[in-house]
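**Q** On the provided structure of chain A, position chains B, C and D as indicated by the hints.
Chains as they are written, first to last, in the numbering used here: chain A, 230 to 423; chain B, 230 to 423; chain C, 230 to 423; chain D, 230 to 423.
Derived by calculation from the structure, the hints in this document are not laboratory data.
Fair warning: there could be bad hints in the mix.
Each computed SDA-like pair below joins lysine to any residue, with the alpha-carbon atoms no more than 25 Å apart [unchecked claim]: (1) Lys421(B) - Phe311(A); (2) Lys408(C) - Gly243(B); (3) Lys408(C) - Asp236(B); (4) Lys249(A) - Lys408(B); (5) Lys249(B) - Ser387(A).
4 protein chains.
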Amino acid sequence: MNFLGIDDEDFIRGDVPMTKQEIRILTLAKAHVGTEAVVIDIGAGTGSISIEAARLAPDGHVYSIERTAAGIALIQANAEKFGVTNLTPVHSEAPAGLEQIPVCDAVIIGGSGRQLHEILDVVSVKLRTGGRIVLNCITIQTLASCLAYMRQHVAQFSYEAVQVQVNRLEAVGPYDMAKAINPIYIVTCIKKNA
Amino acid sequence: MNFLGIDDEDFIRGDVPMTKQEIRILTLAKAHVGTEAVVIDIGAGTGSISIEAARLAPDGHVYSIERTAAGIALIQANAEKFGVTNLTPVHSEAPAGLEQIPVCDAVIIGGSGRQLHEILDVVSVKLRTGGRIVLNCITIQTLASCLAYMRQHVAQFSYEAVQVQVNRLEAVGPYDMAKAINPIYIVTCIKKNA
Amino acid sequence: MNFLGIDDEDFIRGDVPMTKQEIRILTLAKAHVGTEAVVIDIGAGTGSISIEAARLAPDGHVYSIERTAAGIALIQANAEKFGVTNLTPVHSEAPAGLEQIPVCDAVIIGGSGRQLHEILDVVSVKLRTGGRIVLNCITIQTLASCLAYMRQHVAQFSYEAVQVQVNRLEAVGPYDMAKAINPIYIVTCIKKNA
Amino acid sequence: MNFLGIDDEDFIRGDVPMTKQEIRILTLAKAHVGTEAVVIDIGAGTGSISIEAARLAPDGHVYSIERTAAGIALIQANAEKFGVTNLTPVHSEAPAGLEQIPVCDAVIIGGSGRQLHEILDVVSVKLRTGGRIVLNCITIQTLASCLAYMRQHVAQFSYEAVQVQVNRLEAVGPYDMAKAINPIYIVTCIKKNA
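Looking at chain A on its own, in the form it has when it is part of the complex (with noise of 0.2 Å):
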């Protein structure tokens, strides 16, 4: 029995930066991840991402596309430690590594580097129709350039774009203290029917 949202402290995580629980959450959850999907997670950093829709797809197949070897190692530790096994760490700087990946059902992007409209470009191709790319931005330059795309690509695609901000309440004494966490902008890609 599968839950997503598993939390942050259970992952291995050394100083990669992390998507935290509540972004991964809602990034799964509009991927339409499901039993049987085969899944690309781009910049999949410590594999958090990766785990997750392992767990959700046990039928199916994820791709971890990373390119610091600190990365891949935790992808690696993570999956073994979730016992996850359905899931390729691949060392690559995309769009470099997704050559053999096949047919997919869905995207996960979490970091382009400066690559996106490469990446977007040649994902378009592998992405089945009615499947999903859904982007983590953190920076206004990467969703304007995301947006740029899909406004270009207007047949192939539909988009839908939301920014989500968490702030968690921490105890203090007998106070609940919000503290802020950093927000992002989720964009989620639609393929189009041909």
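**A** The following block gives chains B, C and D in isolation, referenced to the frame of chain A:
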């Protein structure tokens, strides 16, 4: 293949206020609804949370407590629309109506009227050890009341609380413009071992 | 004794959208409008920002550029209501209409149509060293365009940018319930010494 | 020519937490501090709010109540740095220390320890009709307590409350990335005619 995260427009709504998609997703993820879960949804409104819970728990059951007849009708209409049969609407104002419900795994409280502490007293008994109560609070007073209860019952419950604010980007000509959605506090309470 | 922070309801409004009080206060504070300041307000709308600027600069002058006749009429009505005489409405679509305006201390841009870079080119010349341009951006594209300009003109300007989100508590019976206001980005650009 | 809105970095700070610039600006604007105002700043911390209030009220006076010696030293250091002489630090834990202060126009409460209702009882008497109390609440309990007080004293006070959340964009290479600041509730209470 049931995804968590039905679009808001897909529910039959009428004039009853409805929890927005992102809040629904986070609420259900934080409730850890498993495939065999027994779930109580208090203040069920349109039934949007109940429907998603019922889909996550195909071998479990959802009890939807709602005090308005309009709400009960919408819950039934939505259950029919989504083909959900493991759901029982209960036309009652909680805590009334909770008596016959058995031991449960999760309680979701979207609306509590002014009876929050009475409701928490009753569901605390029905909730299994390790089970979760998740509250959506839209007022400061309900949030403060919930936090006060959890602080008084620290031997029984641990809790975490977040405020979630979502801004939806709307396309207006060549622009994407943020439309704010009212923020919500989500309090997750976990029943400790006795 | 002129306070910064006129209540929204005190302005004559019609159907023209108006900057909300908190954003108006922050925009004017970040513009460093002194008592003798010459201020240009571009996309002045109802004139709410112009009126507050004129009150902060009793020995200065405010030029309110607005392309709609409805806006110009509201600016005049509000100037009359608040007894402001150091304000000149200019019925024009910027950058047109800026030609005759002299050297200025502050430029506030609430609406730029699609001419943002052209407007910035013109006002950059008029702005005194140390003077400030403050932009209110409600779309991602305007924000990205403003940031791109400032990054291209790093020899001329330093900038800081914040997103501000305000939720207003509304009393509903015994409860206070948050009503969200759409978030805004405020970009403050300071002209460097040549 | 005194602008409202000193930069955070310009204050001498030590380790004492400081209200952030945007919150300081809104707090002072909502307090309607005029040139002759008598202002009480309770829980003055570094004195950042007191200093800005003193500059807005050159013909008035500011009393800065602070319980820590470290805070009192910072208030004095900042008063000296900004050449502010119409400010009296009071080393005390409110409501103690308020006895000798005369009728006042505005009260700003940044920190109230656990004595909020006692403090409000005392300052309610000192505040002139039409005067304003502005509270910055960083905890849910302080906010709820303040709202409860105002609801019990509806014959004496009207109030409005907003939550303000600021995200600061930080330039990181070619990107602007949002860094969240903890949100704050600002409650503005206006003393009614008797």
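**Q** Under the criterion that the straight-line Cα-Cα distance not exceed 25 Å, is the pair Lys408(C), Gly243(B) satisfied?
**A** Between Lys408(C) and Gly243(B) the Cα gap is close to 21 Å, so the pair holds against 25 Å.
**Q** Given the proposed pairing of Lys408(C) with Asp236(B), does the C-alpha separation stay at or below 25 Å?
**A** holds, 22 Å
**Q** Need the status of pair Lys249(B), Ser387(A): alpha-carbon distance at most 25 Å?
**A** holds, 20 Å
**Q** For Lys249(A) and Lys408(B), compute the direct alpha-carbon distance and say whether it is at most 25 Å.
**A** holds, 23 Å
**Q** Is the straight-line distance between the alpha-carbon of Lys421(B) and that of Phe311(A) 25 Å or less?
**A** Holds. Lys421(B) to Phe311(A) sits at ~24 Å (cutoff 25 Å).
In the structure shown, no violation is registered for any of the earlier numbered hints.
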